[in-house]
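Asks: Residue strings, one per chain:
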Amino acid sequence: EPEVTQTPSHQVTQMGQEVILRCVPISNHLYFYWYRQILGQKVEFLVSFYNNEISEKSEIFDDQFSVERPDGSNFTLKIRSTKLEDSAMYFCARTGGSPLHFGNGTRLTVT
Amino acid sequence: KQEVTQIPAALSVPEGENLVLNCSFTDSAIYNLQWFRQDPGKGLTSLLLIQSSQREQTSGRLNASLDKSSGRSTLYIAASQPGDSATYLCAVHAGGTSYGKLTFGQGTILTVHP
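Chains A and B, in that order, give the protein sequences.
Under my numbering, the residues of the first sequence are numbered 1 to 111, in order.
Under my numbering, the residues of the second sequence are numbered 112 to 225, in order.
Everything labelled a hint here was simulated from the structure, so no lab data went into it.
All C-beta atoms in this analysis are idealised placements derived from N, C-alpha and C, irrespective of residue type, glycine included.
Watch out, some of these pointers could steer you wrong.
[Unchecked claim] Facing chain A, according to a computed beta carbon distance under 7 Å, are these residues of chain B, among others:
1. Leu155
2. Ser157
3. Arg183
4. Gly211
5. Lys212
6. Phe215
[Unchecked claim] In silico lysine-lysine, DSSO-like type, Cα no more than 30 Å apart, as pairs:
7. A:Lys83 <-> A:Lys57
8. B:Lys179 <-> A:Lys42
9. A:Lys42 <-> A:Lys57
10. A:Lys42 <-> A:Lys83
11. A:Lys78 <-> B:Lys153
12. B:Lys153 <-> B:Lys112
13. A:Lys83 <-> B:Lys179
14. A:Lys42 <-> B:Lys112
15. B:Lys179 <-> A:Lys78
[Claimed, not checked] To give an idea of the interface, some chain A residues facing chain B are shown, with a C-beta separation under 8 Å as derived from the structure:
16. Gln11
17. Phe65
18. Glu68
From just these sequences and the hints, can you work out the full model?
Replies: As structure tokens, then:
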């Protein structure tokens, strides 16, 4: 099965700016997920997305975060106003059953 | 709330040794358990997945076991090689309405030296 592809691999942004992280390309997959890993900490679940709707989100996924599939293939995570503590690796994952397959991640650095 | 713990936090072994990584979880009502490998600054590579009804899975030199009732899983690596050096992560999957929501352990950092 093809791997999940994420862009960009590294994003540097200033505090308060909006960022959009992308999974490309994905086709015929129904289940998508975003996870993050703050340096030195556990990988944490953010949100699951099924059939173009959020099916579950964690307490981390507050109003600053949003997800969508704007063109039916790309899957995006938007952070509206970044904070220093948003600095982390963000992983997109998908499954068509089991197991979950993760992308290589986007390293987000907020300065 | 599910908690996943991995022991040891770090392990350094000479090449050729067989080794065991441990994972424990607090809630035995899991759908499956997945082992991942993570290289520094990289993504997560799925190694093995064990369904809740299974006892073990094997892939090459890797063997993962699951004792759901006691909340434990082990990853056995036979004849370790320097290329096995990485962080190994265990994650449990709740299933049901939380399909795809994995709870991760903190990982075991493995170093295999020549």
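Asks: Of all the hints given earlier, name the ones this structure violates by number, lowest first.
Replies: 3, 13, 15, 16, 17 and 18
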